[in-house]
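Engineer: Build out the structure end to end from the sequences listed, making use of the hints.
Listed in order, the protein sequences are those of chains A and B. The first sequence runs 1 to 296 under UniProt numbering. The second sequence runs 1 to 330 under UniProt numbering.
These are computed hints drawn from the structure, not numbers from a lab.
Computed list of chain A residues with no C-beta within reach of chain B, every gap over 12 Å: (1) R60; (2) Y69; (3) S72; (4) D74; (5) I84; (6) T88; (7) V89; (8) Y146; (9) D181; (10) P195; (11) L196; (12) S197; (13) K198.
To be clear about the criterion: a stretch of chain B counts as covered by chain A if any three or more of its residues have a C-beta under 8 Å from a C-beta of chain A, and this derived list gives those stretches: (14) 54 to 68; (15) 117 to 127; (16) 153 to 163; (17) 280 to 292.
For every residue, glycine included, the Cβ atom is placed at its ideal position computed from N, Cα and C.
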Amino acid sequence: MRSRKTAQKPTTASRVFDAANIVFLVALAVVTVLPFIYVIAGSLASEAEIASRAFFLWPRDVVTDSYDYIFSTDTFLRSLIVTILVTTVGTVIQVLLTFTMAYPLAKRYLPGRNVILMAVIFTMVFSGGMIPTYLIVRELGLLNTYWALILPLAINPFYLIIVKNFFQELPEELQEAARIDGCTDLGVFWRVVLPLSKPIIATMALFYAVAIWNDFMSPLLYISDTSKWTLQMFVRQMTISSDMANTLGQLDPNYIPPEQGLKFAVIVVATVPILLFYPFLQKHFAKGILLGSVKG
Amino acid sequence: MADNSPVTVAAGARAAAKDKPDKPRPKRQQAPLRVRMLRHAWLYVLLVPGVVYFAIFKYAPMYGVTIAFQDYLPFLGFSGSPWVGLKHFETLFTSPDFFRILRNTLLLALLNVIFVFPAPIVVALLLNEIRLSILKRAIQSSIYIPHFLSWTIVAALTYLLFALDVGPITQLMNSLFGARFNFLADPDWFRPLIILQTLWKSTGWGTIIYLAALAGVNPNLYEAARIDGANRWQQMRHITLPAIQSTIVIMAILMSGNLLDTGFEQIYLMTNALNRSVAEVFDTYVYFLGITQGAYSYSTAVGLFKAVVGIILIFGANWLARRFKQNGLF
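Structural biologist: Given below as structure tokens:
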């Protein structure tokens with residue numbers, strides 16, 4: 001923070017600017033968060049209230065009809081479980097592959113390192129594109145399997161470079177000492193380097209988990225079997241296509257579901273898990289972004 | 001091992017010259033290449049899964065791009081399908097779709113440059129002027145949130161808020177202006193909605209990098225400037241902006257490569273039958289023709305055209321930035 005000790009008395013213009021600035025930025029923050037609060041409120045409101053009140057940030061009567069209904073349907077629960085499963089397994093695989101590849105690439109003395117590094121960086125500038133990638137996934141027999149949601153995204157080159165830069169900053173002496181004590185490179189990586197990398201592992205896990213949880217393109221491209229849908233596909237079908245009857249399977253003809261409320265509830269369920277992680281890791285990811293971009 | 005042979009010394013010197021380590025490493029004669037590779041066999045083992053990933057999912061599709069010059073038939077594969085030269089590119093460039101899609105893509109890219117690119121810079125500069133750190137952090141935490149939402153969620157929110165008649169924003173606008181707005185179906189509203197979405201989702205997150213650059217500015221500079229009588233505007237103009245200028249240039253170069261990546265998910269989710277004429281961009285066109293219609297070769301050609309233009313843009317921007325720096329500010 002800049003020192004204010006020697007500052008002269010703030011001028012009027014300066015004060016006016018400060019006030020206007022704070023008002024503007026607070027308004028920006030409020031506008032950013034408002035739609036989300038509205039959706040949470042809507043998910044807890046009755047159908048009648050959603051229809052009658054235009055914009056509200058807290059419902060008059062809190063009802064959980066929408067949640068009760070959505071959690072009673074097989075299709076929704078299945079897509080939720082699929083998403084949790086794919087995100088968990090996918091994140092483990094992504095972190096594992098990224099870290100094992102980044103470690104050797106951080107060793108300046110490793111012959112062939114530069115060639116591989118250039119090959120990785122090239123993929124950030126040029127790619128085969130949607131169709132050739134789709135055809136590869138198809139020829140590997142991955143269409144309509146959960147692997148199609150994980151493997152094509154297994155390593156993000158940007159994250160790989162961030163982790164590589166992080167490893168390069170680790171003191172080499174420590175690893176040298178372990179090697180002299182008889183550790184193999186593998187042992188050094190596992191016993192010395194990884195324990196030192198916990199914060200960046202957490203950051204990368206968060207980044208990967210968010211990306212795979214939010215991924216809409218992969219299921220759209222590779223999953224045509226609706227019983228293997230992820231939450232994102234479900235959300236889109238419910239809210240944007242408004243194809244509720246087909247999405248939820250056979251609706252009970254004796255019960256009219258809270259149609260609008262369901263849309264709100266689905267959005268909340270698909271978002272809250274991600275936002276729960278966020279405050280805990282906020283410190284780390286700011287640092288992670290910095291590592292990658294400033295030194296990238 | 002033959003640690004003292006002249007070959008070793010030469011190899012070591014070559015390696016040293018090529019690698020240029022940051023810190024001077026203790027002088028040590030290096031073993032021959034084969035020996036050095038064997039010594040670090042485990043490191044190569046660690047590399048294998050990653051290299052296999054890049055080979056299969058990044059480089060095989062690059063080879064697969066050759067089908068843009070073929071009439072690809074699935075049962076004949078990448079290597080067996082008949083070659084047709086530039087046929088698909090001729091089809092593309094003579095197609096009436098081409099100019100419409102190019103125009104849509106470029107217009108969105110232009111709007112991104114004008115509105116989306118400067119937004120995080122402005123917000124970061126304004127945030128930097130807030131001295132109450134609790135307030136600053138609270139604002140930052142709130143404006144980061146949308147970054148973590150998927151495009152599906154953002155599109156769903158848009159559909160709820162801007163729905164015809166029942167959407168709260170639509171109702172508000174209707175009562176304010178007396179006109180009946182149909183945001184989601186009106187082609188005129190497609191681009192504003194897209195830009196609004198992008199601003200909402202990415203501005204806060206984008207400030208991180210600029211705030212980091214701003215935190216690195218030496219506070220003594222401001223003190224000196226104040227003593228010289230500089231007001232806050234002058235301080236920003238002569239200290240803050242030059243300090244983050246290199247970050248801005250880097251971000252501009254990075255962005256230029258993605259200029260034509262208008263964001264498949266976002267556009268796809270916001271496209272409907274009524275706004276298709278302004279919504280269709282290269283990415284959605286490739287999806288539509290390739291995946292849903294099975295025109296693999298043609299849509300690969302479209303994708304390749306886009307990728308090549310992207311590369312030209314990124315190198316062009318880099319070249320411009322260098323020239324700009326030489327002539328202008330240094």
